[in-house]
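Same order as they appear, the protein sequences are chains B and U.
If you count the first sequence from 1, you need to add 1226 to reach the working numbering.
If you count the second sequence from 1, you need to add 1226 to reach the working numbering.
It should be emphasised that the hints constitute simulated quantities derived from the structure, not laboratory data.
Glycine included, C-beta positions come from ideal geometry on N, C-alpha and C.
Wrong hints could be hidden among the right ones.
Listed next, with one range per pair, are the computed distances between beta-carbon atoms [as the list claims (entries may be wrong)]: (1) U:Ser-1342 <-> B:Gln-1400: 22 to 32 Å; (2) U:Ala-1436 <-> B:Thr-1384: 38 to 48 Å; (3) B:His-1358 <-> U:Ala-1351: 18 to 28 Å.
2 protein chains.
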Amino acid sequence: MKLFNYFRSSASFRVRIALQLKGLPYEYVPVHLVKGEQCAPAYTSLVGDALVPMLDVDGAHLTQSMAIIEYLDETHPQPALMPADALGRARVRALAQTVACEIHPINNLRVLKYLSRDLGVDEDAKNTWYRHWVRLGLEAFERQLQQPATGRFCHGDTPTLADCCLVPQIFNGQRFKVNFEGLDRTMAVFEACMALEAFQRAQPSQCPDAEA
Amino acid sequence: MKLFNYFRSSASFRVRIALQLKGLPYEYVPVHLVKGEQCAPAYTSLVGDALVPMLDVDGAHLTQSMAIIEYLDETHPQPALMPADALGRARVRALAQTVACEIHPINNLRVLKYLSRDLGVDEDAKNTWYRHWVRLGLEAFERQLQQPATGRFCHGDTPTLADCCLVPQIFNGQRFKVNFEGLDRTMAVFEACMALEAFQRAQPSQCPDAEA
Chain B
1227 MKLFNYFRSS
1237 ASFRVRIALQ
1247 LKGLPYEYVP
1257 VHLVKGEQCA
1267 PAYTSLVGDA
1277 LVPMLDVDGA
1287 HLTQSMAIIE
1297 YLDETHPQPA
1307 LMPADALGRA
1317 RVRALAQTVA
1327 CEIHPINNLR
1337 VLKYLSRDLG
1347 VDEDAKNTWY
1357 RHWVRLGLEA
1367 FERQLQQPAT
1377 GRFCHGDTPT
1387 LADCCLVPQI
1397 FNGQRFKVNF
1407 EGLDRTMAVF
1417 EACMALEAFQ
1427 RAQPSQCPDA
1437 EA
Chain U
1227 MKLFNYFRSS
1237 ASFRVRIALQ
1247 LKGLPYEYVP
1257 VHLVKGEQCA
1267 PAYTSLVGDA
1277 LVPMLDVDGA
1287 HLTQSMAIIE
1297 YLDETHPQPA
1307 LMPADALGRA
1317 RVRALAQTVA
1327 CEIHPINNLR
1337 VLKYLSRDLG
1347 VDEDAKNTWY
1357 RHWVRLGLEA
1367 FERQLQQPAT
1377 GRFCHGDTPT
1387 LADCCLVPQI
1397 FNGQRFKVNF
1407 EGLDRTMAVF
1417 EACMALEAFQ
1427 RAQPSQCPDA
1437 EA
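Between the sequences and the hints, there should be enough to build the whole structure, so can you do that?
Below, the structure is given as structure tokens:
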């Protein structure tokens, strides 16, 4: 398998975590988002959406991080990243989507660029925007973690798709100095994740294309 | 089952389509987003993320439209809204997420409100923002539909989760006068969907809380 990704991309980070948790070897192919390499014809000829990550599995080009992780879980079931019961799966997917549909899209690189370049939003207002949506989303995440199904991790005592999505969002929030106060359950899960070697190995600073 | 939703919410519309395709009866509970009813304590005490839709299944409160639809598909397998093979499921989820993670979140009501109220963006620039992201996302969607797995619908010849996500986005784009030129495959799938009674019944104008 080849993972086309960028060290700082949250969506890429999610898939790296899943690959590490499953112990699956892969070739790391860097795509430099800030340099716009995702828009080069060599890449867009492979990937319809011109986004990272893309996982090449024997010539099939899988896109969208949550879809990739569910594919990995279906084809390499152990250790499981999804609960065995339908209600549990619904909860884990909802938690993952709270990050991937409610927080991250509003704050990714291309949206922030549009704010600056097309709407003339200054640096301060852009950072306020960023922090607003991350904080709002994580407060919703925290309320969902009040449910009894939460364990050491988002759902029970082993990592799931939800943890794969949460951790990169916290990393991203830390870069933008988001206020995490009062998000006790969320941050406890984050700490539990980061105590695991799989999460450590997947983090941006450990990537071949990492920059200071 | 009770569906807490809003006639004009794209994410609610996705779930209504799935319920209609499955032929599942449900109670319609309107939550008026423009009036802010999703933030009232009566609702937030049930729903951690203060968003619609929420599906109440025997007291379990399911959130996030794609998670709800996968739950419905797992618990009521016929007609199937997901392909039988892992690669097919990955493709359908990626198409759904192209709408639900790349287009819709940047354009929903709360984001548009923030642009106007907090950033002072005028009506014209807000509409340009809206059309930019929908068009960009649908162009990516169109490129993905060039794959041979596309049939009358997004994936093969029966509707899937991907169609449940696409159709509400087209409705939404029509309201904001998005230019759909050149998106031939996408619009052909949209027409095929709208020829089905299930999609017609789920549309905003057919909802009990519909407004002109």
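How the hints compare with the structure:
| no. | hint | verdict |
| --- | --- | --- |
| 1 | U:Ser-1342 <-> B:Gln-1400: 22 to 32 Å | holds, 30 Å |
| 2 | U:Ala-1436 <-> B:Thr-1384: 38 to 48 Å | holds, 45 Å |
| 3 | B:His-1358 <-> U:Ala-1351: 18 to 28 Å | holds, 19 Å |
The structure shown violates none of the earlier numbered hints.
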